[in-house]
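> Here is what each chain is made of, one letter per residue.
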Amino acid sequence: MASRVEILNDGGFRSDGRKQYELRDIVIDLSQQGSADGSVVLSHGLTQVSASVFGPREAKMRSQTLHDRANINIEVTFAPFSMGERRKRSRNDKRVLDFASTIKATFEPAIQTKLYPRSQIDIYINVLQQDGGVLQACINATTLALAAAGIPLLDFVCAVTGGVQSASPLLDLTTLEENDVPHLTVAVMPRTGNITLLTMETRLHVDRFEEIFQLVTSAGHVLHKEMKAAIKDRTRTLVAAMSVAPKAVGEKDPLYSERMDDS
Amino acid sequence: MCWRERVWMVEGLCPPFLASSPAAYPHLSSTALDDLSYDMTIILNQCLSHPSLHPKNLTISPRRKSWSLNLDIMVLSDSGNVYDALFLAARSALWDAKVPKTRSVQYQPKSNILGDQDVEMSADGSGSIFNTREVAKAADFELADYWDEGEPLEVNQEWPVCVTLNLVSAKLLPTYFLDATPHEEASIPLRLLLLFSFSPSGTRLQSMRLMGDGEIQLESMTQLLEGGENHARKLFEALEKKLEEEDLRRNQKAQAKFDLR
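Just so you know, the sequences run in chain order A and B.
So the first sequence is numbered by the UniProt record's numbering: it starts at 1 and just counts up by one.
So the second sequence is numbered by the UniProt record's numbering: it starts at 1 and just counts up by one.
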């Protein structure tokens with residue numbers, strides 16, 4: 001008989017060995033995938049998601065274009081092998097469509113669509129492995145893919161999940177924890193601190209809300225640092241490949257150092 | 001794997017399911033993408049559903065229950081030569097698949113014995129221990145182990161490897177090239193897919209498919225098949241090596257790392 005798994009034990013450790021406020025390992029892989037303009041494979045622990053961005057380009061269906069800005073089209077596919085039990089989800093499944101429109105609503109304020117009227121930005125997300133925090137992973141992957149594609153954004157959008165287990169707040173939940181504990185997902189734009197997404201599908205006591213909300217928002221800022229570092233790394237490689245290397249030690253290429261300035 | 005009750009005798013694979021990510025074919029609409037996925041699934045299914053490829057150790061209890069194997073393939077990006085990749089992926093995925101070990105169990109109801117007995121009854125109430133008249137045919141099973149243990153699927157060597165010959169000219173002296181990029185694929189009207197299976201008992205041409213407009217002379221088939229077999233053999237050997245390396249990395253090296261800790 002397996003004993004019931006403790007979400008948070010007396011020593012302050014969770015079922016996967018993390019502490020309460022510890023986020024899972026983040027792996028960001030910004031290598032080129034296929035012919036996408038920007039693509040990323042992002043993992044939060046065991047949750048793995050890949051996002052590819054195409055655009056801005058001419059829309060496939062003229063009827064969907066908007067005269068003054070770009071149309072954002074998001075398609076999400078869940079691999080049948082992504083969960084423990086095999087489940088084939090058709091592309092027009094209501095939950096999948098709802099998921100995609102949540103992500104679209106999250107990015108509407110962040111992407112500078114006014115710069116590209118009558119065009120379309122396609123974002124294709126593949127969920128490869130699910131272990132909790134899928135919405136969070138999809139949003140973070142989309143941000144990175146958009147940045148990698150060079151699409152102008154007002155700011156990064158960083159999402160984290162948080163839950164409360166009998167008065168103890170937890171961050172970055174796994175499937176086991178999500179099934180047990182009321183949880184919410186928050187997407188924050190770090191520079192201004194504005195929230196573009198706040199969803200919760202479980203019941204949480206209103207007294208517990210403020211604490212977990214503040215925590216998740218600050219976790220979003222932490223994630224922002226990681227994502228920014230990954231993008232900068234990739235840009236550094238690209239710029240080095242594009243520009244001529246400095247002639248002598250100490251002589252800096254002015255364009256190079258200007259681009260790499262922290263802003 | 002899931003178990004399913006099968007009334008008839010054939011155990012084994014469900015048809016393989018193929019999904020294409022829209023990122024793989026960004027120029028296609030979603031209906032066209034579905035059509036393409038379906039086409040590829042059909043080709044996969046026709047080549048791989050032959051009874052000779054059915055794994056032999058999927059039975060739980062003969063004629064009653066067997067494991068059903070689901071093969072799901074997802075195309076993440078397509079830069080040419082997708083069929084070779086699909087069959088390589090199918091082979092690699094099944095390479096280390098394991099079948100859980102089962103143990104047959106039979107529930108015996110407690111027999112109603114009228115009256116008191118002054119003789120001790122055995123625990124399951126079946127009465128005399130010498131009950132040799134009935135041989136119980138176990139109709140149920142239980143898992144004998146968890147997680148990653150189990151027997152390896154008995155298809156390792158037989159699963160085929162595909163090689164696509166893009167035919168430039170299929171006249172008397174056939175000219176072809178391998179591993180086409182999308183531009184090359186678009187410029188060649190005719191392709192020949194050959195699936196070879198290399199097992200210790202011999203080489204076998206598992207399946208063959210001619211795709212596209214055009215025709216080939218029958219006389220050139222021998223050369224094409226010979227050439228295809230050589231290329232497939234090299235591909236097979238390379239894949240085996242890679243899979244063994246991966247196996248080594250997962251098991252022995254991981255164990256060594258763990259021991260060091």
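Hints may be right or wrong, so weigh each one.
Which bits of chain A does chain B cover? Going by a derived footprint, with three or more residues having C-beta under 8 Å, they are [stated by the list, open to error]:
| no. | region |
| --- | --- |
| 1 | 31 to 39 |
| 2 | 49 to 60 |
| 3 | 71 to 79 |
| 4 | 116 to 126 |
| 5 | 145 to 159 |
If you are wondering where the hints come from, they were derived from the structure by calculation, not from laboratory data.
It should be emphasised that the depicted structure is a prediction, and the values quoted were computed from it without experimental measurement.
For every residue, glycine included, the Cβ atom is placed at its ideal position computed from N, Cα and C.
> Looking back at the numbered hints, which does the structure fail to meet, lowest number first?
The structure conflicts with hint 5 only, although it agrees with all the remaining ones.
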